[in-house]
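Participant: Please build the complete structure, drawing on both the sequences and the hints.
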Amino acid sequence: MSQMHGSSIDDLNGDVVATRLPPGVVHLGRSLVALALAFALGAVVMLIIGRNPIEAYSALITSSVGDKFSFGETLENTTPLIFTGLTLAVGFQARLFNLGAEGQLLMGALMAAYIGVSFNAPAPIHVGVALLAGAIVGGLWSGLAGVLLAFRGVHEVISTIMLNFVAFFFINYMVTGPMKEVTELDIPQTAKIAGSAMLPRIFPPSRLSAGLIVALVTATAVWWLVMKTPLGYELRAVGRNPDAARQAGIRPKRVTVLVMMISGSIAGLGGAVIMTGLFQRYQQGLNPGFGFTAIAVALLGRNTVPGVLAAALLFGVLAQGARGMQTIADVPTDTILMIQALVIFFVSTPHLLALFKRRRAAVAAEMEA
Amino acid sequence: MPVTPIIEMSGITKVFPLVVANDHVDLEVYPGEILGLLGENGAGKSVLMSILYGLLQPTSGQILINGEPVEFNSAHDAIAEGIGMVHQHFMLVPPLTVVENIVLGAEPKRSGGRLDMETAAKQVAELSRRHGLEVDLQARVEDIPVGMAQRVEILKAIYREARVLVLDEPTAVLTPQEVEGLYRIMRSLADAGVPIIFITHKLHELIGVCDRITVMRRGKVIGSVDTDDATPALLAEMMVGREVILEIDKAPATPAETVLVVDGLTVRNDDTDRTLLDNISFEVKAGEIVGIAGIAGNGQDELLDVLSGLRMPEAGTVSLGGSDVTHADRRKRIRLGISMIPQDRQREGLILSFTIADNIVLGEHRDATFATRIKRNFEAISSYARKLMKAFDVRASDETVLVSNLSGGNQQKVVVAREMSRDTKLLIAAQPTRGVDVGAIEFIHRNIVDMRDRGTAVLLVSTELDEVMQLSDRILVLFRGRVIGEVSGDEATLETVGLWMAGHREVSA
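As you go down the protein sequences, you meet chains A and B in turn. If you're matching positions, the first sequence starts at 1176 in my numbering and goes up one per residue. If you're matching positions, the second sequence starts at 106 in my numbering and goes up one per residue.
Any given hint might turn out to be false.
[To be verified] Heads up, simulated EDC-like pairs for lysine to aspartate or glutamate below, C-alpha to C-alpha not over 16 Å straight-line:
(1) B:K355 to B:D595
(2) A:K1403 to B:E484
(3) A:K1428 to B:E352
(4) A:K1403 to B:D472
Simulated from the structure, these hints should not be mistaken for laboratory data.
Facilitator: Given below as structure tokens:
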């Protein structure tokens, strides 16, 4: 009940409304501080192993955004992270931790591969159906976790992670069995999808596909949903205070299932996008980790749509620039993983930053709260 | 008076970036007295006490103890100088025993630094006996009732040889009997040389227990009065800054058609097999206020849950305007015209991290005025919120302020404004004035009566007997899940209703 983070005067003297910084600015500031700390620690580690951090970071930049090809590839890396970042952010808005973005994404990808391989249709329809089918499958997959939570009380963190494994093994079965490409070579993969089911490449020579546009449209739609629609209001209300929401006639169970479905369908759509845009066939072992990096993306982006877009771009840069860092500055690519992990660490420990504030104000606030 | 005050706070000023929370405040506490510190939420009482307890440092001014200036940089300094404080929310360690909590941080030790719990228990038992502070020394704090936890807090302060004891809203969590007990303890302590500063915003608590009352308003001390000269009306006026009507003036009710019929309602707890509501039946007509009195925990929570649709009864029916709504969910009941001011505004009534505007439309957020399926109408929401804020005197700079930044009284007004502005047949008001100050109480009571006069049926559920007595046209008393008595508002006396609340039916029959 106590709001411990506010400046002391708000809590001590309720009638006074302090004009402090808007929460968006505070969040941005905190994210930037976390980033700076992560990069600084990364630099320290490079110095310890005898590398030049300035050289490494400039290599990171030039090889990710330095030329047209790199920039396109960076954006191609960014695209799925936008989808999975949004997946988590939508869930977080209703205080639901959908950690199953990976499984939902892969199920969506598999479905898109199936549509792409098994049917023929004119291009816009074929690719459209593939994307839609991917979204639906992703939504149903996470909806399962939503139903389990709403009606059986199964915590969504457990069920979504478990459903990831179910998805991995189901997909393994499909690509080594029913959906396996029939060739003389015994390769566990599906056939290549039809040309009509492929998203066009929009930034040659890079592999960047029109999937980026789908991602930006989805981001806009999610922003609209959360901020502008009555459903978005309800999902935020349920996330913040389910008792008050119920008292106001909102049905928390229904909202929970719906949010989980929406969240998973975004991941499923992302899977369909990478299938129709980048991979073009489902190969066994496809395990890009987008669903897990998404946790960092959503955290760093503070679960807001603009934040997720920015954070996805940052992680896209890191992924693309890692190789450049290795070849140019001889810094292992694992350093990037370390920096990513540090970002998560600093973002999820806001109290670290609060140490700079006067502790006494918090104690006083607690008295009144 | 030539007596030196034990505590003298002189010219205390505390400036925060946007507000002067304390403005040249003078406060003296004399030996043997109980001093009431009265003021509305946000008047600066808590800031002043935080300064006394070392949690905040004054911008200017000084504190004298027995005439000697002292400077507190932390609560530790203040405790060392004999300032004891019992917070509204207890600062106890639940898994530890009572005696362990009391001596925590000041434990008697044997040679070699080993704990000497026997000596500790002996010392605490002696203190407890001397001041009538009954506690079960070996019980774990998590198992003891709230009233005892409070006595543990008081013992903790006395054990640390407090020279003055500050009690912050101590009665908010107590039953009437426990309140009586607390007053006796306060008097005993004051007589034994530990004066008390008693912080509250409830008027009737002060008169009768305090010797002197100091009133604060907007960061300043308005004045101090001896209790003998104080009347509730005088105190209210000092506190609010204008005359306050403590007794609501209302015309006789003109009940019309029956709105709510509750028939044979029974609720059981499956786990304990206890009957929580036992065959309750009553009616509420349009244009009347029916008050449900009773000590907390006698079935009010269950009745409210059933009426609002959050809980299904084991037997019995609820009907609204002739149609059976026993099994209708909350959403449907809202549509049929049941408004509800919930007992606990922060848990059930508000979404604290939402703006005032978003809270004001909560429950009506899908109405055609405020939204289509795909877009909320923010202009309509804002202007409606501004209108209600004005009508219900919600004090904030505008409707985009987060409700978590409002005082308790203003938060309650947001809930009241929302629920009372609906086009509704039945208003269920549960503890409608809990934790709000006297000016706001008057305002909320006035609005409840106005709603009745416009033809709304009102069901008032309150553990504040004064409130039920003042507002109700008919009073029902709940005792252990049954309606133990019913009386019309004119004929009700405090004695009768009080006896019923304690379960004595036959005496008054």
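Participant: If a hint holds in the structure, say so; if it doesn't, say that too.
Facilitator: Hints, verified against the model:
1. B:K355 to B:D595: Measuring from Cα to Cα gives roughly 12 Å; hence the hint holds.
2. A:K1403 to B:E484: holds, 12 Å
3. A:K1428 to B:E352: Roughly 45 Å separates the two Cα atoms, so the pair is violated.
4. A:K1403 to B:D472: With a Cα-Cα distance of about 15 Å, the restraint between K1403 of chain A and D472 of chain B holds, given a limit of 16 Å.
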